[in-house]
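Chemist: Read off the chains here:
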Amino acid sequence: MAVCLVPGLAMFMLFKLYPTIQVFYKSFYLWTGIGDKPKFIGFKNFVDMFRDDAFLLSLRNTGFLMVIVPVFTLLIALVNASILTRTKLKERGLYRTLFFFPSILSFVVIAILWSFIYHPTLGFLNSGLELTGLGQYAMPWLGDSRTVLWALAVTMIWQAAGYYMVIYMAGIDGISPDLYEAASIDGATPMKQFIHITIPMLWEIIRITIIFSINGVLSISFVIVTIMTAGGPDRHSEVVMTYLYQQAFTNSNFGYAMAIGVFVFAFSVLLSLISNKLTERGSY
Amino acid sequence: MAQIQTSAAFPSPRERRPAKAAVIVRNGLLRILLILQALAVAYPLLWNVMASFKTNEEVMESPWTLPKSLQWDNYVRAFTTAKIGDYMLNSVLVVVLSMIMLILMAVPTAYVLGRMRFRGQKLISNLYMAGLFIGGVYIIVPLFILMNDLHMLDNRFWLSAVYATGTLSFSIYLLTGFMKSIPSDFEEAAMIDGCGYFSTLFRIIMPMVRPGIITMVVFSFFDFWNEYVLAMTLVTSDAKKTIPIGLSNLMQIQQFATDWGSLFAGLVIVLVPTVVIYTLLQKKLTEGLMLGGVKG
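First to last, the protein sequences are chains A and B. Residues in the first sequence are numbered from 0 upward in steps of one, following numbering that gives the first Met the number 0. Residues in the second sequence are numbered from 0 upward in steps of one, following numbering that gives the first Met the number 0.
What the hints contain is simulated information worked out from the structure, not anything from laboratory work. The model shown is predicted, which means the values in this text are computed figures rather than measured ones. Glycine included, each C-beta is placed from N, C-alpha and C at the ideal position. Be aware that a few hints might be false.
Unchecked claim - DEER-style ranges, computed between Cβ atoms:
1) T278(B) to V70(A): 44 to 50 Å
2) R206(A) to K67(B): 51 to 57 Å
3) K89(A) to T80(B): 35 to 41 Å
4) D51(A) to R25(B): 52 to 58 Å
5) G62(A) to L122(B): 31 to 37 Å
6) E129(A) to R209(B): 51 to 57 Å
7) A181(A) to R25(B): 17 to 23 Å
8) V70(A) to F78(B): 20 to 26 Å
9) K67(B) to E129(A): 17 to 23 Å
10) D237(B) to M200(A): 51 to 57 Å
11) P176(A) to I34(B): 41 to 47 Å
Unchecked claim - Straight line, CA to CA, 25 Å or less: simulated BS3-like cross-link-like pairs of lysine-lysine:
12) K89(A) to K179(B)
13) K179(B) to K283(B)
14) K191(A) to K19(B)
15) K19(B) to K87(A)
16) K87(A) to K282(B)
17) K239(B) to K82(B)
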C-alpha cells in the first residue's frame, strides 16, 4: 500500500506543497535575487503593494476581466446550450463539436491568432469593417487603452464559451422532459421555459461554473496578455499575473512577487466566496 | 421538411403547439444565430490555414482571398529556419514522459484512496483536493528557486515531473470516483485466487477503470501539449524548448523579419495533432467533462 502512495505523495510534496508553503512564508521577506539572503520584513511587502500604482492598475484590469469574461462566457454558453438541447435541430452535434474546439486549443495558438485578427493592417476585423462600410470604426484594437481590455476579453470569451456550453448541455439533458412538456401544455413560451425551468434547474451547476470561470481568467489572462500585448499600451492591459511574473523574473523581487501571489490567491478565494454567497438559493 | 422540423421541436403530439409558420421562423432565426457563431469560431482557424499557403504579399493584401498558389515552401521554412520540428520532438518527449509518470502515480494512489480504509486516508485525500486550487503562476517563483537549488532547471525530465504533478490532483479526483464504483467482490475473488495487491491492481482493477484512465489521459494530453508558463520559466536553452514556447518566440521574431507564411505554417503544424486527437476522441472528451465537471 505504501508503495502505491509514496511516489505520488513525494512528487506532490516537492512540486506542490513545498512551493505553496514557501509562497506564504517568504511573502514576509525582502528577497531580491537568487544569491540574496532573505530578510524578514513583516507585512511591508503587502503595504507596498497598495502604494504601487502599477500593481493597483493591474489589479483593476484583472478585476475587470474577472467580472466581464465570466458573465458573457456563461451567458452565451447557457443560451447556446439551451438552444441546442431544446430545439433538437438536426445539425446540433456539428455545432457542439465546433463550439467546443477552441477550449482545447493551446492558449499560445489562440493568442497569436487573435493578435492577427486585431492587427491594424493585416487583421480581418478592420478589413471586415471597411468591407461593410463601417471603415470609420476601424482602429488599432490592441494599441488603444480604451479598447484593449475589451479586445482581450472577447478572445477569452471565444476560448471558453464552448467548454461551459458542453457542461450545461449535460446538465440540461439531465432535466426531466416532463417539466418542459407540462410547461408547454400550459402555454409557456420557450423563453419563459428557459427562465423558469432551465436556469433554476441548472442553478447548482451554474454556481460551480461561475467559480471555475473566475479562476480560469487568472490563468488564461497571463498567456493572452504576455503574447498579445505584453501589458501595453502603457500598462493598460497589465494583469496581476503578468505583473507578478515581471517582478520575479525581470526585477528579481522574489519576496514582493510572492506577496502578490498570496494576495491574488486570497483575492480569488474571496471573489469565489462572494459569488457563492450572492448565488445562494433564496437570495434571488 | 417543415413538418419534420415542427414535430422534432415539440416532441409531444398532444401539446398545444404554436402556429407552424412561427416555429419555422423561430428555428430559422436560431439557425442564423448559430451559423454566425460558427463562423466566428471557424473563420479564424480557416484563415490561418489559408494564410499558411500564401506569400507575404498576399497575407498583407487581404484576409478574405484564397492563396493564388500553394506555398508549400512556408512549411519547409517552418521546419528548417524556424526549427518547428525540433520543438515538436521536445514536446512529444515531454508529453510522453509526463503521461507515464502521471499514470504511475495517479492510478495506484486512486486505487488505495478509493478502495481501502486506513488512518490518514482522509488527510491524504484532502491534501490532493487542496491541490486542485493551487495553479501554475502562484507557485512559480518558489518552484523556480527550488529547482534551481536542486539543479533541475533546463531539464526535460524534471519539467515532465512538474507537469505530471500539476494534473495529479485532478486525475486522482477523477479516478477515485471510478474506483469507488467497482464492487469489492471482484477484488475478493482475485485475492482468494491468490492474486497479490499488485496483480489485483494491474489485472483486475486497471481494465475496469479503463474509461477513467482514458479520460485522464485525454485531458492531460491537452494540458501537457499546450502548457506555456512553466515551460517558459523552467527551460532556458533553446534546444530543449517545447512547441508553445517555440511558437511564441517565432511570433516575436516574425514581427521584425516579417515571414508571416512560416509563422502560420508553424501554427497549423501545432494544430494538426490537436485536431486529429479531438476528432478521434471527441466523444470521450465531452463525456469526461461531464464526469469530472458535473457529476463528480
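Chemist: Can you confirm whether the C-alpha distance between K87(A) and K282(B) stays at or below 25 Å?
Modeler: Holds - the C-alpha atoms of K282(B) and K87(A) are around 19 Å apart, at most 25 Å.
Chemist: So the hint says 35 to 41 Å: do the beta-carbon atoms of K89(A) and T80(B) match that?
Modeler: 47 Å, violated
Chemist: With the threshold set at 25 Å, check whether the alpha-carbon distance from K19(B) to K87(A) stays at or below it.
Modeler: It holds: about 16 Å lies between the C-alpha atoms, which stays within 25 Å.
Chemist: When you take the CB atoms of K67(B) and E129(A), is the distance between them in 17 to 23 Å?
Modeler: 22 Å, holds
Chemist: If I claimed the Cβ atoms of D237(B) and M200(A) lie 51 to 57 Å apart, would that claim hold in this structure?
Modeler: At roughly 53 Å between Cβ atoms, M200(A) and D237(B) fall inside 51 to 57 Å, so the hint holds.
Chemist: So does A181(A) sit 17 to 23 Å from R25(B), Cβ to Cβ?
Modeler: Once the Cβ atoms are compared, 21 Å apart, the range 17 to 23 Å for R25(B) and A181(A) holds.
Chemist: Look at the Cβ atoms of G62(A) and L122(B) and judge whether their distance stays inside 31 to 37 Å.
Modeler: Since the Cβ atoms of G62(A) and L122(B) sit about 35 Å apart, the hinted range of 31 to 37 Å holds.
Chemist: CA of K191(A) to CA of K19(B), is that 25 Å or under?
Modeler: Holds, at about 19 Å.
Chemist: K239(B) and K82(B) were given as a pair; does the straight-line alpha-carbon distance stay at or below 25 Å?
Modeler: Roughly 12 Å between the alpha carbons, so the hint for K239(B) and K82(B) holds.
Chemist: Has the hinted range 51 to 57 Å been met by the Cβ atoms of E129(A) and R209(B)?
Modeler: 54 Å Cβ-Cβ, so the 51 to 57 Å window holds.
Chemist: Hey, K179(B) versus K283(B), does the alpha-carbon distance stay inside 25 Å?
Modeler: 20 Å, holds
Chemist: Under the criterion that the straight-line Cα-Cα distance not exceed 25 Å, is the pair K89(A), K179(B) satisfied?
Modeler: Violated, at about 37 Å.
Hint violations for this structure: numbers 1, 3, 8, 11 and 12, all remaining hints satisfied.
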